[in-house]
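Asks: Spelled out, the chains give:
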Amino acid sequence: MNFEFSEEQLMLREQARGFLSQHCPPTRVRDVFDGEHDYDAPLWTSIAEMGWTATAIPEAYGGLGLGYYELAIIAEELGRAVAPVPFSSSVYLATEALIAFGSESQKQRWLPGLASGETIATLAHAEGAGQTTAKSLTASLSGDSLTGAKKPVADGAAANIAIVTTTAGDGSVTLCLVELDQGTVVRTPIQTLDFSRGHATLEFNNASAEPLGNGTIPWSSFESLLDRAAVLMAWEQLGIADKALEQACDYAQQRYAFGRAIGSFQAIKHKLAGMYVKNALARSNAYHGAWALASDSDTLPLAASTARVASIQASLNAAQENIQTHGGMGFTWEFDCQFYYRRAKLLSLAIGSERHWQDRLVTALEQQEPAAA
Amino acid sequence: MDFKDTPEEATFRSTAAAWLAENQLTAEDKQGLSRLDVAKLWQKRKYDGGWACIGWDEKYGGRGASAIERVIWDQEEGKYDVPSRFFVIGQGMIAPTIMAWSTREYCDQFLPKLASGEEIWCQLFSEPASGSDLAALRTKAEKDGDEWVINGQKIWTSGAHYSDYGMIVTRTDPTVAKHKGLTAFLVDMKAAGVETKPIKQLTGDADFNEVYFTDVRIPDSYRLGEVGQGWQVALTTLMNERLAIGGGGAGADVPLALKIAQTVSINDRPAIEDSAVRSKIANFHVQEAGLKYNGYRALSALSRGDLPGPENSIGKLVGAPKLQDIASFCMDLLEEHGALWGDDLEFMAGAAQRSYMGAPGLRIAGGTDEIMTNIIAERVLGLPQDPRADKGIPFNEVPTGN
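Going down the list, the protein sequences come from chains F and L. Start counting the first sequence at 95; every next residue gets the next number (this note's numbering). Start counting the second sequence at 41; every next residue gets the next number (this note's numbering).
There's no promise every hint is true.
Simulated crosslink set (DMTMM-like; lysine to aspartate or glutamate; CA at most 25 Å straight-line) [as the list claims (entries may be wrong)]: (1) F:K229 <-> L:D314; (2) L:K299 <-> F:D392; (3) L:K320 <-> F:E448; (4) L:K431 <-> L:E266; (5) L:K320 <-> F:E460; (6) L:K80 <-> L:D247.
Derived from the structure by calculation, the hints contain no laboratory data.
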């Protein structure tokens, strides 16, 4: 048993943190917030040059063939930096879908570009307000022709290709791959509360598409894909949570009221300790999630949903209480507190909300119970 | 990172499991014995087999096991119904203090008997006027030749009524600042002038006591550390306390909540199908699993040679309120049945009800929730202390409010 990252992995963390503090300081995030672009394209290029997009892609397809621990470390650092890049969509979701379900020729065709960062991909699943399920899906693939609409699609404005979920009857789903730069795809940018991650509505009017691999897969296989992404998403959320806590602690030491640092008041220090506790539990659950992902454990559904629920709760709490600790200044446009508040909420809504993952967690508990007894 | 056993760990696990299977206590062994006597019998059997206090040096009765091996042993032993709480304070908290602060001679004298369960120890820290503010304690120790004379009162002393020895922190100099005037000693609980009075708790049990000291004489050689160094000695004990009492122990937990939710109904459907019930259980699991893996991470740090740090305060801080919440939730699922009390109830013999009644004590014992939160804020996050009215002034000039 060993519950710590290796020396090499810790070095990677240090390197990633150093790189992002230089290339993705808050001023850079602010530029995207206030600017016209959907993401920070130069940052994306340098991230790709660092090899981060290639981390878990097998070497045969132009990747680095490293493991998910390395990807988890990078995810955490991207979260800390609130990096305005389509990393989670392209890497945790679309790349993983291609690796898991793609045919050999599809992998050869697309993975090298995803590894090098020249291709940006996303998963297009949601179809309007509320949960999208196997039963509710209306987008459909007929032969090589895709119809339907997806809204919202994270990083849909930046992506070159999308993996689209389409109806295949209750209990299964057909994943298809579609190139977005074609006339039959109408792409409309939409604003979300996080201005640094461009979202879009995608309408497919008999768009040319191909099924991913053999096409139809059981819904449970799609859920496994989301489990894998949930672990990585949890690490990214953890980065946000810890950064927000650090910012709140720094401010509580600097800001004086009633003749003393506000961090010396129990009302503030107990709040910050509460943030620390939630973050620490989320981190430990994320460790277990990373292990379950990296070792392809049977416990992945439970480990992933536990990590995801813990990180959702920790990141929302930390982002909210960070603003509260800053008082009025935290509510201004000028302060960076809003970055964590926005990104934490955005990520908590991606790939299923807290309630969805709580439900999946308990389903996993119910399924493991007979084995344990 | 690997949550699985290495080949060496797997071998250790199977050796431990085989010994446990071979040597477990039978119903016959336990026949007619009190819980304490069963505990002593089991401890002695482990000691004779080389499985007591396995992390300790062999010369004190241990086997020099690593931190990971200790966890493996605890996991394997945990599969059997064996009472161990009687020894937690002595073996988990006081023994490391004796090792750090006493003489080799006393280590040789006391540690093997602690390991074998022959002698039980208690921790004499809290007083009526010093709980959370432990360093405000007033029990007096005065030097008289080669002896010290102890006068005063301790309270909330778990197990004092069946303990052979205790570790006591006293005030030896009231004219200096409060943390500087303390000195720690070993004390014979059977000595003349030691009087123990059980305290009946709100649960109806009496696990802890008031202990009165009237002209109790102890040799200077029983002193731990230097005169005036009592606070540092106490901190050694308290650091180990965080590891020893960790996550709050047995009682109402997620498997129990799940079992009840699968058995009872809400609106004529199994309660487990109710979405609010599922959310609650998920949140409890997040805490329970988080604490478990947090413990594993602390262990990895210990294996690297780090000391148990203040971040370990999280175990009790989360564990105790969680126990209270989950117990309350289980009782809610049972509706009016949840109010029933007794050992013959269904669902783990009324574990939810017992946990609910016991939890308030856990949230206070060994550092209240509030003190644990202060420790995290000040020692982990580095936030400033509250301004203190007693800072830097002689103890006998500190305002007491009476």
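Asks: All the hints need checking, so say for each whether the structure fits it.
Replies: Each hint tested on the structure:
With a C-alpha separation of about 21 Å, the suggested pair K229 (chain F) and D314 (chain L) falls inside the 25 Å cut-off, and the hint holds. Among the hinted pairs, K299 (chain L) with D392 (chain F) is consistent with the structure: their alpha-carbon atoms are about 22 Å apart, no more than 25 Å. Proposed proximity of K320 (chain L) and E448 (chain F) is supported: the alpha carbons are some 12 Å apart, at most 25 Å. With a CA separation close to 22 Å, the supplied pair K431 (chain L) and E266 (chain L) stays within the 25 Å bound.
Under the criterion of a C-alpha separation no larger than 25 Å, the hint pairing K320 (chain L) with E460 (chain F) is consistent with the structure, at around 14 Å. At most 25 Å may separate the alpha-carbon atoms for a hinted pair to count; K80 (chain L) and D247 (chain L) meet this at roughly 17 Å.
Hint violations for this structure: none, all hints satisfied.
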